[in-house]
Amino acid sequence: MATEANGEEGGLVFHPLDQFIVEPLFGNAGDPIHWYTITNVTLWMALAVLAIIALFVFGSRGRAIVPSRTQSIGEILYGFTYKMVEDVAGKDAIKFFPYIMSLFMFILFANFLGLIPMSFATTSHIAVTAVLAAAVFLTVTIVGFVKNGAGFLGLFWVKSAPLPLRPVLAIIELISYFVRPVSHSIRLGGNIMAGHAVIKVFAGFAAIAAISPFAVLSITAIYGLEVLVAGVQAYVFTILTCVYLKDALHPSH
Amino acid sequence: MEGDIAQLGQFIGAGLAGIGSGAAAIGVGHVAGNFLAGALRNPSAAGGQTATLFIGIAFAEALGIFSFLVALLLMFAV
Amino acid sequence: MATETENGAADAAHGAAESSAGMPQLEVSTFGNQIFWLVVAMVIIYFVLSKIALPRIAGVLSERQGTITNDLAAAEELKQKAVDAEEAYNKALADARAEANKIVADAKAEIQSDLDAAQAKADAEIAAKTAESEKAIAEIREGAVESATEVAKDTAKEIIAAMGFKADARTVTSAVNARIKG
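Residue numbers (UniProt numbering), protein chains in the order written: chain X, 1 to 253; chain F, 1 to 78; chain Y, 1 to 182.
Chain X with its partners taken away, still in its complex shape (with noise of 0.2 Å):
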């Protein structure tokens, strides 16, 4: 109803959030969707994967000491986040390099695919970066009782502070972890959505002839931005998870 009444103002239209429909590949677009059903989200995560392979397994296909152009950029990345896991989360993490790596690249891949004209952005849907989010809190805790057993719970009990401060404490580092994988999911998810649509809207006002040089260097100014807002992104994403993780294995505070 409410995309109805953006209709009516000045024959503008807005649909900012059509972007993001899940819609079958083949077939109409009113045709159910089943958990199987190949849909543009299928083919945005498989190109994703097939970037995240072309890059990592074909562009060191030589094994090259004198690393081609691709070969290096897969270097760099993984010296970043082989860096990253080390300084953040602390050597004994280094075992969870894989699974962060393909946490960073896939949402780094997503990210920037998404950003391209026409695309679908699957990391600006909150079920995918919920389940991501999941994912990495149930590593954690799990990771954090098999380590620390009954200790992991000192997390809460903050020995530093006075005795009677400490229960309220609790409570609050208690409610703060459960809003981890919310606000987790929610800020990759929300920044994403939130650049796409203000592109699509600034867009709607390209409509107008008045306007409609401001709007176009309005996009340029913001798809700039937006590319910045992805790499950051899947970087806070990526460096959370670390600190998270580290929280995990050493839990004293």
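Worth flagging that the hints you see were computed from the coordinates, not collected in a lab. Where is the CB? At the ideal position from N, CA and C, for every residue including glycine. Hints are not guaranteed to be accurate.
Said to hold, decoys possible - Pairwise CB distance ranges (calculated):
#1 F:45 with X:80: 40 to 50 Å
#2 X:57 with F:9: 51 to 61 Å
#3 F:11 with Y:26: 11 to 21 Å
#4 F:23 with Y:28: 44 to 54 Å
#5 X:163 with Y:47: 27 to 37 Å
#6 X:54 with F:45: 33 to 43 Å
#7 X:232 with F:4: 18 to 28 Å
#8 Y:47 with F:11: 43 to 53 Å
Position chains F and Y against the provided structure of chain X, taking the given hints into account.
Leaving out everything else, chains F and Y in the frame of chain X:
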């Protein structure tokens, strides 16, 4: 009901929620500005704190995104 | 996830009207689909990265590190060799120079001694020649004095004879000798 009052409420609420984005912008500006002030005072220590900077920005930004999300929900989902 | 899938199947019916209103992100009917394909994608990425790509890149990186270390060591060795060679060269140069100096000094000494010998010989010869000449001169002078005495005697005898005196040979001789000596 024709939905006029409800629509009015939705749009007003969405606009109010949009203020949150501006507040988040202030927060991000604080984080980045204070980082810069500290980095100029002690440039050698700045390099190691870039990760912390991004984490801080992410936390401030997330709350702005929440308010944006509330606005979107009011506009399109309620 | 299973419940999500069921939701997806159940809500698929009213998903048909989704394109007109509402947020696509909250369309529960599509959740199952998205989650399923996300899990598939993540599993593929995880296995490709952890089994193929990351070990390969790690291998390449460590190999490169090893190569760089080896090359550095080799370069260090070559540098040491170059330093050694330079030292050897300098030493050889100094030896050669000393040798040359020695040879020059020897030659100079030899030439000097030869020269001295030749000079001494030449001096001796000159001395001998001089002595000989002096002797000859003395002989000649002696001969000359004798001749003069002879001539003087003869002349004196003839003069006395011419004057009409009978000259005694002995007297004339002694007078001439006295006069010549005087």
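Do the hints match the structure? See the list:
1. Checked against the hint of 40 to 50 Å, the pair residue 45 (chain F) and residue 80 (chain X) fails, with Cβ atoms roughly 21 Å apart.
2. Taking 51 to 61 Å as the suggested C-beta distance range, the pair residue 57 (chain X) and residue 9 (chain F) conforms, at roughly 54 Å.
3. The supplied range of 11 to 21 Å is met by residue 11 (chain F) and residue 26 (chain Y), whose beta-carbon atoms lie about 19 Å from each other.
4. Under the hint 44 to 54 Å, the C-beta atoms of residue 23 (chain F) and residue 28 (chain Y), about 31 Å apart, miss the expected range.
5. Our hint of 27 to 37 Å for residue 163 (chain X) and residue 47 (chain Y) is violated, since their Cβ atoms are close to 49 Å apart.
6. The supplied range of 33 to 43 Å is met by residue 54 (chain X) and residue 45 (chain F), whose beta-carbon atoms lie about 39 Å from each other.
7. Take residue 232 (chain X) and residue 4 (chain F): their Cβ atoms lie about 42 Å apart, and the range 18 to 28 Å is violated.
8. Judged by the Cβ atoms, the range 43 to 53 Å given for residue 47 (chain Y) and residue 11 (chain F) holds: they are separated by roughly 49 Å.
Consistency note: the structure conflicts with the earlier hints numbered 1, 4, 5, 7.
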